[in-house]
Structures are given as structure tokens and as C-alpha cells.
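> Okay, here's what each chain looks like letter by letter:
There are 4 protein chains.
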Amino acid sequence: MNNQVAILLLSCPDRIGLVSRISHFVFERGGNILDLDEHVDTSEKYFFVRIAWDMKNFSISESEMMEAFTPLAKEFKAKWRINFSGKNLRAAVFVSKFDHCLQEILWRQRLGEFNIEIPLIISNHNDLKPLAEHYGIPYYFYPVTPENKTEQEKKELALLKENQIDVIVLARYMQILSGQFVDEYPNGIINIHHSFLPAFSGNDPYRQAYDRGVKIIGATSHYVTKELDDGPIIEQDIIRITHKDTVNDLIRKGRDLERLILARALYYHSQHRVLIHGRKTIIFD
Amino acid sequence: MNNQVAILLLSCPDRIGLVSRISHFVFERGGNILDLDEHVDTSEKYFFVRIAWDMKNFSISESEMMEAFTPLAKEFKAKWRINFSGKNLRAAVFVSKFDHCLQEILWRQRLGEFNIEIPLIISNHNDLKPLAEHYGIPYYFYPVTPENKTEQEKKELALLKENQIDVIVLARYMQILSGQFVDEYPNGIINIHHSFLPAFSGNDPYRQAYDRGVKIIGATSHYVTKELDDGPIIEQDIIRITHKDTVNDLIRKGRDLERLILARALYYHSQHRVLIHGRKTIIFD
Amino acid sequence: MNNQVAILLLSCPDRIGLVSRISHFVFERGGNILDLDEHVDTSEKYFFVRIAWDMKNFSISESEMMEAFTPLAKEFKAKWRINFSGKNLRAAVFVSKFDHCLQEILWRQRLGEFNIEIPLIISNHNDLKPLAEHYGIPYYFYPVTPENKTEQEKKELALLKENQIDVIVLARYMQILSGQFVDEYPNGIINIHHSFLPAFSGNDPYRQAYDRGVKIIGATSHYVTKELDDGPIIEQDIIRITHKDTVNDLIRKGRDLERLILARALYYHSQHRVLIHGRKTIIFD
Amino acid sequence: MNNQVAILLLSCPDRIGLVSRISHFVFERGGNILDLDEHVDTSEKYFFVRIAWDMKNFSISESEMMEAFTPLAKEFKAKWRINFSGKNLRAAVFVSKFDHCLQEILWRQRLGEFNIEIPLIISNHNDLKPLAEHYGIPYYFYPVTPENKTEQEKKELALLKENQIDVIVLARYMQILSGQFVDEYPNGIINIHHSFLPAFSGNDPYRQAYDRGVKIIGATSHYVTKELDDGPIIEQDIIRITHKDTVNDLIRKGRDLERLILARALYYHSQHRVLIHGRKTIIFD
Numbered sequence: 123m124n125n126q127v128a129i130l131l132l133s134c135p136d137r138i139g140l141v142s143r144i145s146h147f148v149f150e151r152g153g154n155i156l157d158l159d160e161h162v163d164t165s166e167k168y169f170f171v172r173i174a175w176d177m178k179n180f181s182i183s184e185s186e187m188m189e190a191f192t193p194l195a196k197e198f199k200a201k202w203r204i205n206f207s208g209k210n211l212r213a214a215v216f217v218s219k220f221d222h223c224l225q226e227i228l229w230r231q232r233l234g235e236f237n238i239e240i241p242l243i244i245s246n247h248n249d250l251k252p253l254a255e256h257y258g259i260p261y262y263f264y265p266v267t268p269e270n271k272t273e274q275e276k277k278e279l280a281l282l283k284e285n286q287i288d289v290i291v292l293a294r295y296m297q298i299l300s301g302q303f304v305d306e307y308p309n310g311i312i313n314i315h316h317s318f319l320p321a322f323s324g325n326d327p328y329r330q331a332y333d334r335g336v337k338i339i340g341a342t343s344h345y346v347t348k349e350l351d352d353g354p355i356i357e358q359d360i361i362r363i364t365h366k367d368t369v370n371d372l373i374r375k376g377r378d379l380e381r382l383i384l385a386r387a388l389y390y391h392s393q394h395r396v397l398i399h400g401r402k403t404i405i406f407d
Numbered sequence: 123m124n125n126q127v128a129i130l131l132l133s134c135p136d137r138i139g140l141v142s143r144i145s146h147f148v149f150e151r152g153g154n155i156l157d158l159d160e161h162v163d164t165s166e167k168y169f170f171v172r173i174a175w176d177m178k179n180f181s182i183s184e185s186e187m188m189e190a191f192t193p194l195a196k197e198f199k200a201k202w203r204i205n206f207s208g209k210n211l212r213a214a215v216f217v218s219k220f221d222h223c224l225q226e227i228l229w230r231q232r233l234g235e236f237n238i239e240i241p242l243i244i245s246n247h248n249d250l251k252p253l254a255e256h257y258g259i260p261y262y263f264y265p266v267t268p269e270n271k272t273e274q275e276k277k278e279l280a281l282l283k284e285n286q287i288d289v290i291v292l293a294r295y296m297q298i299l300s301g302q303f304v305d306e307y308p309n310g311i312i313n314i315h316h317s318f319l320p321a322f323s324g325n326d327p328y329r330q331a332y333d334r335g336v337k338i339i340g341a342t343s344h345y346v347t348k349e350l351d352d353g354p355i356i357e358q359d360i361i362r363i364t365h366k367d368t369v370n371d372l373i374r375k376g377r378d379l380e381r382l383i384l385a386r387a388l389y390y391h392s393q394h395r396v397l398i399h400g401r402k403t404i405i406f407d
Numbered sequence: 123m124n125n126q127v128a129i130l131l132l133s134c135p136d137r138i139g140l141v142s143r144i145s146h147f148v149f150e151r152g153g154n155i156l157d158l159d160e161h162v163d164t165s166e167k168y169f170f171v172r173i174a175w176d177m178k179n180f181s182i183s184e185s186e187m188m189e190a191f192t193p194l195a196k197e198f199k200a201k202w203r204i205n206f207s208g209k210n211l212r213a214a215v216f217v218s219k220f221d222h223c224l225q226e227i228l229w230r231q232r233l234g235e236f237n238i239e240i241p242l243i244i245s246n247h248n249d250l251k252p253l254a255e256h257y258g259i260p261y262y263f264y265p266v267t268p269e270n271k272t273e274q275e276k277k278e279l280a281l282l283k284e285n286q287i288d289v290i291v292l293a294r295y296m297q298i299l300s301g302q303f304v305d306e307y308p309n310g311i312i313n314i315h316h317s318f319l320p321a322f323s324g325n326d327p328y329r330q331a332y333d334r335g336v337k338i339i340g341a342t343s344h345y346v347t348k349e350l351d352d353g354p355i356i357e358q359d360i361i362r363i364t365h366k367d368t369v370n371d372l373i374r375k376g377r378d379l380e381r382l383i384l385a386r387a388l389y390y391h392s393q394h395r396v397l398i399h400g401r402k403t404i405i406f407d
Numbered sequence: 123m124n125n126q127v128a129i130l131l132l133s134c135p136d137r138i139g140l141v142s143r144i145s146h147f148v149f150e151r152g153g154n155i156l157d158l159d160e161h162v163d164t165s166e167k168y169f170f171v172r173i174a175w176d177m178k179n180f181s182i183s184e185s186e187m188m189e190a191f192t193p194l195a196k197e198f199k200a201k202w203r204i205n206f207s208g209k210n211l212r213a214a215v216f217v218s219k220f221d222h223c224l225q226e227i228l229w230r231q232r233l234g235e236f237n238i239e240i241p242l243i244i245s246n247h248n249d250l251k252p253l254a255e256h257y258g259i260p261y262y263f264y265p266v267t268p269e270n271k272t273e274q275e276k277k278e279l280a281l282l283k284e285n286q287i288d289v290i291v292l293a294r295y296m297q298i299l300s301g302q303f304v305d306e307y308p309n310g311i312i313n314i315h316h317s318f319l320p321a322f323s324g325n326d327p328y329r330q331a332y333d334r335g336v337k338i339i340g341a342t343s344h345y346v347t348k349e350l351d352d353g354p355i356i357e358q359d360i361i362r363i364t365h366k367d368t369v370n371d372l373i374r375k376g377r378d379l380e381r382l383i384l385a386r387a388l389y390y391h392s393q394h395r396v397l398i399h400g401r402k403t404i405i406f407d
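In order, the protein sequences belong to chains Z, R, W and D. Those letters in the first sequence? Residues 123 to 407, by the working numbering. Those letters in the second sequence? Residues 123 to 407, by the working numbering. Those letters in the third sequence? Residues 123 to 407, by the working numbering. Those letters in the fourth sequence? Residues 123 to 407, by the working numbering.
Chain Z with its partners taken away, still in its complex shape (with noise of 0.2 Å):
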């Protein structure tokens, strides 16, 4: 008897019969399906699907998916990947200095907010140890500088495959991932950076939004790419802020954001719900 629930993430160029066809699919192996949201960019031509159904009585395996599914997916030209619910992705958490997003990412994983394991942080500070301690996950200590750089990616690189690290969640990492480790990930790094992208990218964005006097201040997490702080955004809110508020205050609402904002592009990453399509993404939540 299987509990699982398979999650279908697939997108390919726009035709008849596609929702058609793929419910069909799931409906003549024995699955019942429970959610399933499409989209179709009608300017583009490009159809986009995700598709839940329980395993209970479906007559084929997990292992077996791949193979049965492939023959339809190659009809479609299509780019899709099936998981299980059972199967929680296994997640490197990076920090440096500032905790609130590791506390807001450990204290949720544990409430079991997310299906992901958090198998081990990674740091180029010593500061957040006793909070990972807390929450006894091991906290690894890789000091960067310019010039170590490049042999601390790579150790970092091993320690992450030897722990078969699904994503990376960059949780307020001060220090910019070169494009070879970037390379490893693709769409499997997400950042969070606090402003409201593409407004105030790069440095200091708090006083970035200070000096240029707004009135509502912005986070945004994204997936990480090559060129700083221009993935696809994943999530992004906002909070108002007044002539009172200084630099400080800006800092110390804008932490609430981070965190949350970081913690729901987390979960929605975590279930299965982000497709990415060149720059930006879908969101079925």
C-alpha cells in the first residue's frame, strides 16, 4: 500500500489534447488526481503544468515512472521531472552573520512546514554555530577570502554532493557565489535579497532606499544566475515605511520580510510548485 503522492512538473510548447492526454495518463494507471493547475503563455505559445495524484491504487511503481512516462514527454518536446511526496529534497542552508533567516528556515522545517532535510549549514562566519547546535544540524566553517575563494567553492562543492544536496538556500550569505559554483546548481540556489529587484540590486539597498527617500521598502528572493541579483524571482513583498523610519529602522522591518519572503519561496520550492521559463517563473500555489 503506497501513500505517496506523485507531483508531475512539466512544460512544453502549446497543442491540442495536452491536458487531455496527460490526465489520461494518470487516470489509466489508477490515479486519482488532486490538484492540478495549468497555464498557457498565449503570447509564447508555451504551455505549463503541474499535476498531483495519489499513488495508492496506480498499477505502476515510482521506478517505473520515468520509463512510462518518457514516450509522451518526447511527443511533447516536452522539459518535466516527476517527485514523490515521500522523497523530501535535502537542502544546504548558507549564513554568514545575521541569523533571523536560519532561525525562521530551522524553526519552520521543524513545525514541518517544509518537505525538505537540512542535512548541514555552511558559513564564512563562526557566529550562527550554537543556533544551528540548537537544532543539531552541523555547521561547517569555510572563511572566504579573495584569494582562498576559488579552493573553499570547491571544497564546499564536495561537501554538498557528498550530502547529495538538492538546493541550496542562501539565507542572508554575504558573499557572491562565483559562476562555476552557480554552474553546479542551475535553478537549484535561492537567494534572498532585500529590496524590491530590480530597485536597489547590488549593495546596501536599505540605505540605497533611505537616500533616494521611498516610501515602501521590498524583498525578493530569487534563483540564482550568473549576473547578480537577476534570476527569476521566485516571491516578493513589501512594507511601508515613513520620513520617521532611519537606515536602522529600515533594517530592523526589513528583516521581517526577509525571512518571511525567503521562507515562502522556500516552501513553494520545497512542494513543487516553481517552474522556471527563461527569467521568470510559475507559481501554482
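It is worth saying that the hints were derived from the structure and are not from the lab. Note that beta-carbon positions come from the ideal geometry of N, C-alpha and C, so glycine has one too. Be a bit skeptical, because a hint or two may be false.
Claimed, not checked - Partner residues are not named here, just some residues of chain W that face chain D (Cβ under 7 Å, in silico):
#1 F149
#2 E160
#3 L253
Keeping the supplied structure of chain Z fixed, place chains R, W and D upon it in accordance with the hints.
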């Protein structure tokens, strides 16, 4: 050549194969699904779906659709209806003295935001006749007293029937419709209440909110049932207030909420995006 | 008997005793303070205040006020002005083809939400003349080409002077005003830009937002300076969007933001609630 | 040399000269006003003010302040108190089994966001003892039954007195305090209720919200009075939900609201930014 879009709204007890068989119904007749959104209420085991497809190469005509789909619907014990994009709903707007909701609706309708026609406006006051004239819409004046209410409602109903009205919009209409009237338009009367229901139902909600000292006020658009302010909620939104705001400030700020929320509810309704289930709505936005 | 309210807006370098001495100025002449809001920018050591008092038993008249307050203001090295509630600002609205912002302003003005008169509307198109006529406001048509721009702006300025215009509202006016024009109304031209500035300044911000894949769009009302979209921000707000929204959906949703934000900015300005300091505004709301 | 800031909160019947005379009191003793915010309830003709000034060159000491200000306060028939920035409030947190509100408060307190000390935590369960220990705060376990409630409350009150507790924070404490208990801390007990009051007071508000089919849920922080969920509201906020959300989703989403709203209320209280007037609060933010 047919440029229409067909929109099916359907709800029924959940069972295996619903999406597959409904989408197959569309597919085998040559329809391209433009939008599909489904929902399963897992606690009640009930299924809800909205499917939109283009009729361009569809093998049966609009008039044959009812008959063709009926067998499937019967088998599923479904409540359902199919609408076509080219056939606008016919809406009557009821008003009293406040113009903001009426103006919002007429302005948006002229911009083409709604798929509706507005053949007439009904009021128990004469105040908004000039606004109706500016938009070239017939305005009917039915003053209501406790004595003549039954009689006036009969005349109104006759007028509505004569004009084949599908939906009634109460745009701050300050009369309570009788149960008999409501019975004539089940799930067909949309009201705006100027509070965040269920808080402050009944009279003078802004005064109630002021007296209670809340920090947020709201507005609620809902279908009208025989119980006052108790029908299925379509849309709600809120705005922050402070101790500085007088009752008049609440009225001023609330106006902006009321007209936006009512317009949003009418938008959902006119796009056939609302399914009603018991006391609740499913909004396929 | 005088039912006016006097409103002082003042900014100066911070020093001890400012509130005491200014409020004493009001007190010793018999004024009852209805509202006092002050702000100190502690990093710049600069003081800002808005004080409103009733003139009922005030011992000096409006015309004597300037002379009476000047010694204090000089001592404080203050920038200041005093307005009186009975004397409405005179506003000219500039429009092109979109009606939503104009309609919003005219409707609210008639409701009495603003303390302004609108003696005239100026446009480079004829489209909105009927709307102006509905509200009984003179509409001046000045088509602008690169060749005649200088000449047309001169005519417009002459008309504005002749009508003693205090403030210009650019209600989606699709022409960039010249530096010479802007110089004539320092801090007296209010614009609405259809993005969350500083993101997406310049042309076609909804298209830019769509291409970037943001999850939130915004609108910004600001004073016009010679640098495009760079003046002091008065008000901003946002609305959520999803992958389902096309550019046209962004335009539709954004319309609601634009008109509300512009109206809110004009409300603050007309109530003398805005102080400008460098690139920023202090909003006494 | 004194780096303290004095904060006066005062309310009294409105009359001419209040701001002038109070600010003069500060000025003539050498105080520099850092922040002044006043409010007049024009319908009740009642005056409220918060003034903060630095004590650096102030001519009288903290201990002399009470006596010095009393004559003015008597003349004005004012309710008032003066606090000093260096003297933190002493808060006791009451919890049951949910950790989110407690964790939020302890984390923010350690960051220095509040001007409070937390000498003790009281609970009717043992579940959150480890969290208290992580932050090094004594945890007192008082299980409550209908039989022992009076007795346990007496012990709790003795403990609170002994620790000179100024304010009690009910961080999802699942017991109703008796009227006698509440009487001991008038306007000194802050609760978080997990609904948008006055909607869904009492038990299981998320279930109530789910059953009513609302589109928005809220949370409310308020002072505790003898009537359940009826005390003066300090802060409220909301979050959107949809038909997809189960009761458990409401609980999950609501958690984020509850902890943020409670923290914001405690922030206002700890910064002496709250005045209570009848059933309402004035928040000087």
C-alpha cells in the same frame, strides 16, 4: 469560423477520472483548452472545475453543447453550466444616493473590463439619474416605503424579466430586498457591505467600527441570501485606519474599498469564475 | 467671527525650544492648536513641523500673520509658509488620452475630498473634452510636436499664470515638460508614474515589469524635477500580480493603483501635509 | 551626564495652550524635544500627547520630575505618566503549548528591539521549557484545572509581584484569566487573539473563519479586560486566504500573523507609544 470561448463550470462528488474524462470530452471534439483550474475539497470529497476552451475548430455548435455534455454530467451527478464568451451577461444595477459604486461599474464597463451589458439602473431615489444619463443608460425610479414595498418589488421584477436580466448588482442600494425577491434570483444578486464581514453586519458599520476602535476597516462583496449579510462571500479587502480617523474619514476611506471590491466581485462573476458551494465560494482567479 | 484654520509648515536646523516657542506664538495670540506633528531628522539635525490652529479667537488677522511670524522664522533660519483652510489651492490638470486619473480627481474634487479648485484642464489631445464638459471645466487643447513644444509651453504657462494656478497635476500626461517649464513651478508639479520607482523609470514600465517577471507592480506619485522620474516621492503603493497576468492585465490592474496614488498625493498636497527636504518628502498624515 | 530620554504620556480634556505650556515646561528646564505627537479627539474634546526629550542638560533629575510636573497635571485634570528610556519594563510571558509567539518575543528581545526585560515565563504546560532554557529565562510551571485555578492564580500573582512585573504578555496562553487576576494589572496584560476582532471572538476562530468562507483572516492584539476578547485593540493585521486553504492552512498562515502582531503591540507598549482612552487606544507610532 467561431471565435468564441466556451467556459464550463462544474461541481460534483469527487471520483477518479473526472479531469481526464472532461478534458477528453473537449479534446475529442477538437477544442483547445485555454485555461483549466480545478479544486478538490478533501474534507467533503467534492470536486470543482472551470475549463475554458476555444470553439474555433470545435466539432459541435453552441446550441448542441447542452445535449452533448448532459450524459457525462448526469453520470457525475454534477451541477454545471456552460457559458460562451461572446454572450455577455445582462446586469441591472440598483442604487440609492451614493454614486461611487455606480460610477465605478459604469466606467469599467465602458472600458470593457466586464463581460456585461447594463440595460437598466433601478433606484429608490432620483439623485443618480444624471450619472445614468451621462452613460446613456435608462434609469427607473421606484421609491420604496414599508407600505408599497411588495408592490414596487413586483414592478421591479417585471422590469427585470422583461429585460432578461441575469444578475443584479446592489451598488450601495439602501433597501433590504424581500425573501420573495431574493428567491427569484438565487446566487444572482451581488451586494457590497461596507465592513469586513462577519464583523459589523447590519446598520452603520463604520460607526460600529469607530466605536470598537479597530485598526483596520474592510468591505465585503457577497451573494444575497434571505439572511442579511450572510450570503457566500465573493471578495473582501481592508484598509488601515488610525486613532486620527473620524467616522467621516472611515466613510471616505471606505468608499475606495467598496467600489473596488464590488467591481472585483462583478469581474469574477462576469468572467464565470465563481462557483458557489453551500455558504462558500470557489473563485477561479 | 473667523472659522478659518491656519496651517504652518516649517523646517529649520534643529535647536532647543522650537516647539515651545512656536506653540507659544500661537497660544499667546489666542489660537487653539488642533493638530501638531513634528519630526526631527537626527542624522541631519533638521527640524520639521506642521501646526494647525483655529483662527476663531486669534488676535491677529490672516493678513497680519506674515509680518508677525517673520521675526521668529528669521531667528530660526526657517523655510516656512502659512496657509488658511478657506483659501483653496488652484490646480490645473494636464492629461493626454487616458481618463482614469482625471476622472478620479474630478469626482473626488466634487465630493469635497480635496481643498482645491480646478479652473482648467490642459491636454495635447482632444479625447477627454467630454469628461471635462461633464464636470463643467474649461478644456484647453495644445497639441505638442518636437517643433512647436517650446512655443506651446509658453502659451500654457501664460494660461496658468493668468489663472493663478498653484499646482499642476500630471494625470498621465504623456509629454515630458521642459526644464524651463519645470523651473516655473518648483515643487508645484505632481506626476504619477506607473511603476514602483526607482524600478522601471522611463517608457513602458508595465512591459518592463512583465519582462522582468516581478510578482508585484507599483505606482509612484512624485514632484517633478528636471531629471525624469527622479523628484521627491510623495506616495507609492503596490498590487500583486502572477504569471497569469499579461501586459494588458498589468495595465488594467495598474490603472487602479495609478488613480488612487495620484489622488492620495494630491490630497496630502492640498491639505498642506507635505514638506520637501532635498530629494525627500516629509508627509504629515 | 545623563543620556536618558524622558517620555511623557498625557491625556486630559482639551483646552487652549496645552502644547505650549507642556513644551514650555520642558524648554525652561533645558530639555530638547526629540519627538512630539499629539491628538485631539474633536468629538469628545479630549487631548492626548506623547513628548520625548533628552535629559542631557535637563535641570532637574528623574526623581524630581514627578513633583515638578504634578501642578501642571493637576491644573489640566490629566492622566499622565513619565518613563525614562534607561529603565526597561519588566515583562512576564504566559504560554501554553504553541512556541511561535514566545520564540518571536525572545528572539526580538535579544536583538534589542524591545525596551523590556523578561525575568520569567509562566506556563500551564511544560512543553516550552527547553525554549526558555535556550534563552536562559526561568520557566514556571502552573498546571491549571477548574478546581485549582484560584489557587494557582494567587501563586502566579505572588511571583509576578515578587519580580516587579510591569506587563504580562499572553503569548497564546490557552487559559482565561479570572476577573480578580485582570484587576491586578489594569491595562497591563497584552493578549493576541487569532482573528480579526470583533469577528470570530471566542473558541477556534480559524475553524469559524473557515466555516464562514471569508477571504481574509486576521489577528488582533489587545489589552485584556474582564470581558473576553473585548479590550482596547492595539494592533491588527490580515492575510489573504483562498478556497484552497484548509483549516490547517489557516493555522499555518495565521501563525505568522499572530507572532508579528503580538510583537508589534509589545513594541508599541514597551516604547510607551500607547495611550488608552475608554475602549480605544491612541498609538503614537
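> Give a verdict on every hint.
We went through each hint and held it up to the structure:
1. F149: 4 Å, holds
2. E160: 5 Å, holds
3. L253: 34 Å, violated
Comparing the model with each earlier hint shows a violation of hint 3 alone; every other hint is respected.
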